[in-house]
Amino acid sequence: MPGSEFVMDTEVPVGVALRGGTLAFGDKVIFESLDLDIPAGRTTCLLGPSGVGKSSLLRMIAGISPEAAANRLVSSDGGAIEGRIAYMDQRDLLLPWLSVLDNVSLGARLRGAAPDRQRAQALLAKVGLAGESKSLPAALSGGMRQRAALARTLMEDRAIVLMDEPFSSLDALTRLRLQDLAAGLLAGRTVLLVTHDPLEALRLGHRILVMRGSPARIASVLEPDGLPPRPADDPNLHGLAAAILAELAG
Amino acid sequence: MTNKMQSITRGLVSFAILIAAWQALVWGTGVEFFILPGPWLVLHSLIANLELVGRHAAITLLEIVLGLLCGCGLGMVNAISLSWFPKVRRWLLPLLVVAQAIPVFALAPVLVLWLGYGLASKVMMASLIIFFPVTTAFLDGLRRTEPGWLDLARTMTAGQAGSGRWAALRHIRIPAALPALASGLRVAAAVAPIGAVVGEWVGSSAGLGYLMLHANGRMQIDLLFAALFVLAAMAVTIFFSIDWLLRRLLPWQPDSLPNE
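Line by line, the protein sequences give chains X and V.
Under the numbering used here, the residue at position 227 of the first sequence is numbered 227, and the numbers go up by one with no gaps.
Under the numbering used here, the residue at position 162 of the second sequence is numbered 162, and the numbers go up by one with no gaps.
I should point out that these hints are in silico values taken from the structure, not numbers from a laboratory.
Don't be surprised by glycine CBs; every beta carbon is placed ideally from N, CA and C.
Treat each hint with caution, since some may be false.
[Claimed, not checked] Incomplete in silico selection of chain X near chain V, CB under 10 Å:
| hint | residue |
| --- | --- |
| 1 | P49 |
| 2 | A62 |
| 3 | M88 |
| 4 | L93 |
| 5 | L106 |
| 6 | R111 |
| 7 | L162 |
[Claimed, not checked] Residues on chain V that point at chain X, a partial pick, calculated with CB under 10 Å:
| hint | residue |
| --- | --- |
| 8 | S14 |
| 9 | G148 |
| 10 | D151 |
| 11 | M156 |
| 12 | A158 |
| 13 | G164 |
| 14 | R170 |
| 15 | I172 |
| 16 | P175 |
| 17 | L250 |
| 18 | P251 |
| 19 | W252 |
| 20 | P254 |
All chains, please: the whole structure from these sequences, using the hints.
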């Protein structure tokens with residue numbers, strides 16, 4: 001598996017549990033008394049129709065949702081969750097004035113630490129951008145930019161990785177390749193991946209949660225056979241995907 | 001031919017057409033030389049008075065440069081403090097908007113009264129008219145940071161002692177606002193000479209504005225035009241130098257207009 005030497009450099013896998021999560025925008029209740037378990041060292045995919053509140057839930061766990069200060073998040077080892085999360089958005093969020101290498105080591109820069117350029121270079125090589133470290137983001141294609149964003153996420157070396165539809169803006173082929181790459185590089189970390197694509201969830205998730213309704217709740221939990229990344233041409237996956245789509249539509 | 005050479009050629013051609021039109025106007029209308037001297041006469045006067053015009057031009061240039069430095073510096077500091085302290089913003093921003101509506105030129109006599117006939121009143125005048133466009137342009141940029149970048153920064157600095165907001169300002173908000181600041185600086189470069197010359201007109205003993213008034217009073221219209229010509233050349237040079245510098249410094253800022 002590519003990238004296995006990057007697995008868990010410093011941290012032991014840690015799980016996250018949300019108990020009685022509540023989120024409302026004004027009078028509109030997105031979810032209330034929501035319980036969610038994200039097991040340590042595994043990839044949990046959160047599926048749901050658009051607007052159901054899955055991104056809001058992810059942002060709440062990431063600590064970047066100002067509406068949701070009072071929610072209870074607990075880690076499986078009892079430690080603080082703050083500072084142990086890396087976040088990857090649907091948009092690459094690369095800073096246009098920094099080179100790819102400087103973007104990848106943005107975290108250290110923001111924390112006032114010296115960036116580990118060698119590690120950043122090695123990660124860029126892992127995501128296939130070894131020759132682009134000096135380029136500005138504008139010179140890269142959409143897929144390359146998202147790979148740089150993945151390298152930046154991994155550079156943070158956090159135990160918990162939260163991903164908000166990270167591949168949804170890419171074309172089908174690039175998406176499949178990046179799914180494989182991410183699955184390899186993220187193996188062993190605690191990952192919560194929000195997606196609206198059942199097949200993506202089925203390929204990448206040890207565990208798949210379907211979020212539905214208003215206020216939203218976790219309607220079903222699925223643990224497909226085999227280990228991710230599951231092959232895209234697996235007929236079982238397509239059967240399951242059709243079933244999930246039917247559930248989402250219903 | 002390269003793009004650069006083409007644009008230089010275009011500039012020279014436009015300049016030549018302008019001079020030719022000027023000469024044609026003088027010949028065609030038979031206007032008196034003390035109303036509109038021809039380009040040849042002005043050039044002659046410029047060469048004859050090179051030392052005089054040069055001395056006054058140096059003073060005006062100094063006023064413009066000092067005014068640019070003070071006005072831009074103060075405007076930038078002001079924009080950053082307005083964006084950093086919400087309380088300052090709430091109190092000061094409405095005041096700034098009102099102050100901007102005051103015609104700064106009307107303050108020129110007061111500035112000369114307070115700061116005297118020397119350099120200070122002109123630098124102050126130029127600073128004042130630069131200060132507002134720089135502040136508003138930069139503040140506008142500082143307020144429009146992509147929220148996703150700030151969210152990302154927050155996850156990266158979470159759990160760190162206190163430094164997150166400052167780090168986000170320094171590494172994200174300010175660099176992201178630089179293109180907006182650049183627009184403010186271009187405006188500043190264009191209006192700084194106006195400030196300096198208006199200051200000189202109201203009361204001074206040196207500078208191109210002073211020289212122009214002085215020459216006008218003595219019917220040395222060719223000298224007046226020579227000073228005006230130098231002032232215009234100076235203003236254009238300052239503007240294009242700053243524009244060139246800003247383009248060099250912000251290569252990541254895409255220019256969406258077709259190449260000119």
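Do the hints match the structure? See the list:
1. P49: violated (23 Å)
2. A62: holds (6 Å)
3. M88: holds (9 Å)
4. L93: holds (5 Å)
5. L106: holds (7 Å)
6. R111: Hint on R111/X: holds, closest Cβ of chain V at ~6 Å, below 10 Å.
7. L162: Hint on L162/X: holds, closest Cβ of chain V at ~8 Å, below 10 Å.
8. S14: violated (33 Å)
9. G148: holds (5 Å)
10. D151: holds (4 Å)
11. M156: holds (4 Å)
12. A158: This interface hint holds because 5 Å falls under the 10 Å limit.
13. G164: holds (7 Å)
14. R170: holds (9 Å)
15. I172: holds (7 Å)
16. P175: holds (5 Å)
17. L250: holds (8 Å)
18. P251: holds (8 Å)
19. W252: Result: holds, 5 Å to nearest chain X Cβ.
20. P254: This interface hint holds because 7 Å falls under the 10 Å limit.
Of the numbered hints given earlier, the model fails hints 1, 8; all others are met.
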